[in-house]
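Keeping the supplied structure of chain A fixed, place chain B upon it in accordance with the hints.
Below, each chain spelled out in residue letters.
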Amino acid sequence: MRVLVTTLSIILAIIGLVLSSLPIGYIALIPIIIAFILGLLAFKLSLNDNKNTTIIKVVFAVIIISLGLAIYNALKPNEIIVNQEAIEKQKQSDKETLEELEDIEIED
Amino acid sequence: MIKFPLLIKNFMNRIFFVLILIISSIVQGQNNTIAAGEKLTFTASYNMSGLMTDLAQVTMETEEVNTSKATLMRLRCKAQTYNKWDNFFAINDTYETYVNPANLNPYLHKREINEGGYFKKMQYNFDRGLGTVKSVKTKKRKDGTFWDEKKNLIIGSKTNDIVTTIYYIRNLDIHKAAIGSSDNFTILFDNEETSMKITLLGKETISTKIGKKECYKLSISLNNNDVLSGSNSNLLWLTADANKIPVYAKFKVPVGNGELKIQSATGLKH
Chain A
1 MRVLVTTLSI ILAIIGLVLS SLPIGYIALI PIIIAFILGL LAFKLSLNDN
51 KNTTIIKVVF AVIIISLGLA IYNALKPNEI IVNQEAIEKQ KQSDKETLEE
101 LEDIEIED
Chain B
109 MIKFPLLIKN FMNRIFFVLI LIISSIVQGQ NNTIAAGEKL TFTASYNMSG
159 LMTDLAQVTM ETEEVNTSKA TLMRLRCKAQ TYNKWDNFFA INDTYETYVN
209 PANLNPYLHK REINEGGYFK KMQYNFDRGL GTVKSVKTKK RKDGTFWDEK
259 KNLIIGSKTN DIVTTIYYIR NLDIHKAAIG SSDNFTILFD NEETSMKITL
309 LGKETISTKI GKKECYKLSI SLNNNDVLSG SNSNLLWLTA DANKIPVYAK
359 FKVPVGNGEL KIQSATGLKH
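These protein sequence lines map, in sequence, to chains A and B.
Residue 90 in the working numbering sits at position 90 of the first sequence; the count goes up by one each step and never skips.
Position in the second sequence counted from 1, then plus 108, gives you the working numbering.
Don't take each hint at face value.
[Unchecked claim] Cross-link-like lysine-lysine pairs, in silico, DSS-like; alpha carbons within 27 angstroms at most: (1) Lys317/B to Lys76/A; (2) Lys91/A to Lys377/B; (3) Lys95/A to Lys228/B; (4) Lys186/B to Lys248/B; (5) Lys95/A to Lys247/B.
[As the list claims (entries may be wrong)] Here chain A is said to cover these stretches of chain B; the calculated rule only asks that three of the stretch's residues, wherever they fall, bring their Cβ under 8 angstroms from a Cβ of chain A: (6) 160–168; (7) 177–188; (8) 206–219; (9) 319–327.
For the record, the hints were derived by calculation from the structure and aren't laboratory data.
Idealized CB from N, CA, C, for every residue including glycine.
One chain only, chain A, in its complex shape (with noise of 0.2 angstroms):
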């Protein structure tokens, strides 16, 4: 028992943690949680059964450094990026679309 709890704590926080580096971080808390649950049974049959705890304690930490990126990703502003190269690729090709247009004569 201590041991499958305390596996399925250690996958949960792995996919917690690659789930929160994504932009939709919050998906992550699922299995953060669930991680965190099981960390904590785990930890406290490992006590009662006087095991090692020092895979649930790093176990611990990964759930904290998902947590944290997690809020992070979901708080981070949506923002756009404009770059100067983009900028001057646009006025380029508004240029030749014009040079394209000199023939055009309106009908009306």
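Okay, now just chain B, sitting in the frame of chain A:
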């Protein structure tokens, strides 16, 4: 595992198409709605795991363009992913058409797609007199070089490009249409004519970033095309005023569903 790049690509590929499905013109009349200098900004969202996630900014801008012989109006639509997505799947698409400002007749249409390394460019030169379009498709090879494919297409007298179609709807006399009435339209996209049906479902008042607006609620569907799914699942709300601004759109595609919400509107004619 969620295939984010695929989802986003499908989403962005269809985003303009969705606008078109909903927005189509019935009669090509005089332009009394669109002015040069107008700018509409939208947020495009996609449903991921049950939550609407903002993916990109969509802008629709108009500008006067002068040549030595004529004054034209450029209609430009751009879609660009927000910076937080750029490391995963950067999208920067531009669709633009140069039209007669008096009646929105298109002369030149350009479409440039940049989606996560995929590049494609389409250009249509319209000749209304002959009912033809000179089409040039430019694609990028894996080694970075480009190749062109040129075609001469014969089109129907009411066939338009996607951008022109989007703006046409705002010239429609929707207030004269009966609720439940519908019409069919034809759009030239990827060198193929696609038929679209638009239906007026009624009027609704909705809250938007630019205030509470009474709107025309329209439904769109494509004939012989699976880009859009469901019955009455693809909807567009246009303000029921002289500007007929598209303020909200909901769409359903085979890979999910999403929406467009207006963020700002400036330079309006009325």
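Now the hints, each set against the structure:
1. Of the supplied pair hints, the one linking Lys317/B and Lys76/A holds, its CA atoms being roughly 20 angstroms apart against a limit of 27 angstroms.
2. Between Lys91/A and Lys377/B, the direct Cα distance comes to roughly 26 angstroms. Compliance with the 27 angstroms bound is thereby established for this hinted pair.
3. The suggested pairing of Lys95/A with Lys228/B holds, with an alpha-carbon distance near 20 angstroms, which does not exceed 27 angstroms.
4. Straight-line distance between C-alpha atoms of Lys186/B and Lys248/B comes to about 20 angstroms, which keeps the hinted pair within the 27 angstroms bound.
5. Between Lys95/A and Lys247/B the CA atoms are separated by roughly 21 angstroms; this keeps the pair inside 27 angstroms, and the hint holds.
6. Coverage of the stretch 160–168 of chain B by chain A holds [criterion: at least 3 residues with CB-CB distance below 8 angstroms; count 3].
7. Proximity of the stretch 177–188 of chain B to chain A, defined as three or more residues with a beta carbon under 8 angstroms from a beta carbon of that chain, is established by the 5 residues found.
8. Beta-carbon proximity to chain A at under 8 angstroms applies to 7 residues in the stretch 206–219 of chain B; the threshold of 3 is reached and the given coverage holds.
9. Counting residues of the stretch 319–327 of chain B whose CB falls under 8 angstroms from any CB of chain A gives 0; the rule of at least 3 is not met.
Figure legend: structure checked against the earlier numbered hints; the only hint not met is number 9.
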